[in-house]
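*Asks:* Chain residues, written in single-letter form:
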Amino acid sequence: SQQGEEDPQALSIQEGENATMNCSYKTSINNLQWYRQNSGRGLVHLILIRSNEREKHSGRLRVTLDTSKKSSSLLITASRAADTASYFCATVKTGAQKLVFGQGTRLTINP
Amino acid sequence: GAVVSQHPSWVICKSGTSVKIECRSLDFQATTMFWYRQFPKQSLMLMATSNEGSKATYEQGVEKDKFLINHASLTLSTLTVTSAHPEDSSFYICSAPNRDRGSYEQYFGPGTRLTVT
Numbered sequence: 027s028q029q030g031e032e033d034p035q036a037l038s039i040q041e042g043e044n045a046t047m048n049c050s051y052k053t054s055i056n057n058l059q060w061y062r063q064n065s066g067r068g069l070v071h072l073i074l075i076r077s078n079e080r081e082k083h084s085g086r087l088r089v090t091l092d093t094s095k096k097s098s099s100l101l102i103t104a105s106r107a108a109d110t111a112s113y114f115c116a117t118v119k120t121g122a123q124k125l126v127f128g129q130g131t132r133l134t135i136n137p
Numbered sequence: 007g008a009v010v011s012q013h014p015s016w017v018i019c020k021s022g023t024s025v026k027i028e029c030r031s032l033d034f035q036a037t038t039m040f041w042y043r044q045f046p047k048q049s050l051m052l053m054a055t056s057n058e059g060s061k062a063t064y065e066q067g068v069e070k071d072k073f074l075i076n077h078a079s080l081t082l083s084t085l086t087v088t089s090a091h092p093e094d095s096s097f098y099i100c101s102a103p104n105r106d107r108g109s110y111e112q113y114f115g116p117g118t119r120l121t122v123t
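First to last, the protein sequences are chains A and B.
Going by the numbering used here, the final residue of the first sequence carries number 137, and the count climbs one at a time with no gaps.
Going by the numbering used here, the final residue of the second sequence carries number 123, and the count climbs one at a time with no gaps.
Because the hints were derived from the structure by calculation, they are not lab data.
Please note that the accuracy of each hint is not assured.
Here are the simulated DSS-like cross-link-like pairs (lysine-lysine), alpha carbons at most 27 Å apart as the crow flies [stated by the list, open to error]:
no., chain 1, residue 1, chain 2, residue 2
1, B, K72, A, K52
2, A, K96, A, K119
3, A, K124, A, K96
4, A, K52, A, K95
5, A, K96, A, K82
6, B, K47, A, K96
7, A, K119, B, K70
8, A, K124, B, K72
9, B, K61, A, K119
10, A, K52, A, K119
11, B, K70, B, K26
12, A, K124, B, K26
13, A, K95, A, K119
14, A, K95, A, K124
15, B, K61, A, K124
16, A, K124, B, K70
Using the sequences and the hints given, assemble the complete structure.
*Replies:* Structure below.
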């Protein structure tokens, strides 16, 4: 079953702008991960943040985690047309292996 | 590194037939693999956890007799959709964690699009 809610469900911005996506979850987690999926393709791992971390950066990506609010955000700075994709957060519950995915955000970057 | 492949990438079959989908870890060993189903414009729903050398663990609501999983080696898991019906048409994706890297990160196959006519 899906654990998380993501918002917005769809986001359309101009190239060069920043895109922010949010994810909420319900249970205690070991870590939270963000994945990207281009249409009709498999998923690509973007970044993992552990439950004892609050912020993490990777290139143009910035992820925050607030375990007290059970929420995370993904910020993509200086967006590019190639960033157009669906973005999913996924959590790993404490003591488990499997990923539980959020509903995803469909991001469109307009040239 | 850490590549996962799936075969076939797409398949069309007639209602009532069975279809086998393969998931392979190409450059690492995977004692555990996961199978997901994804309907258009929706998220991934975990179907089952495939365990090498033992029975798969199915998620609630997934029929184990309809979706047969075999994890016969450390690099191969197969999902067989038996007696397929049009409602089984979906995008099936597998993933595997690379324990050699000591990470919870999972590597996903490119997916298999199944269309049942």
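*Asks:* Next step is simple, just say for each hint if it's right about the structure.
*Replies:* Results for each hint:
no., hint, verdict
1, K72/B x K52/A, "violated, 30 Å"
2, K96/A x K119/A, "holds, 12 Å"
3, K124/A x K96/A, "holds, 18 Å"
4, K52/A x K95/A, "holds, 9 Å"
5, K96/A x K82/A, "holds, 16 Å"
6, K47/B x K96/A, "holds, 25 Å"
7, K119/A x K70/B, "holds, 24 Å"
8, K124/A x K72/B, "holds, 22 Å"
9, K61/B x K119/A, "holds, 22 Å"
10, K52/A x K119/A, "holds, 10 Å"
11, K70/B x K26/B, "holds, 14 Å"
12, K124/A x K26/B, "holds, 23 Å"
13, K95/A x K119/A, "holds, 16 Å"
14, K95/A x K124/A, "holds, 22 Å"
15, K61/B x K124/A, "holds, 16 Å"
16, K124/A x K70/B, "holds, 18 Å"
Comparing the model with each numbered hint stated earlier shows that hint 1 is the single one that does not hold.
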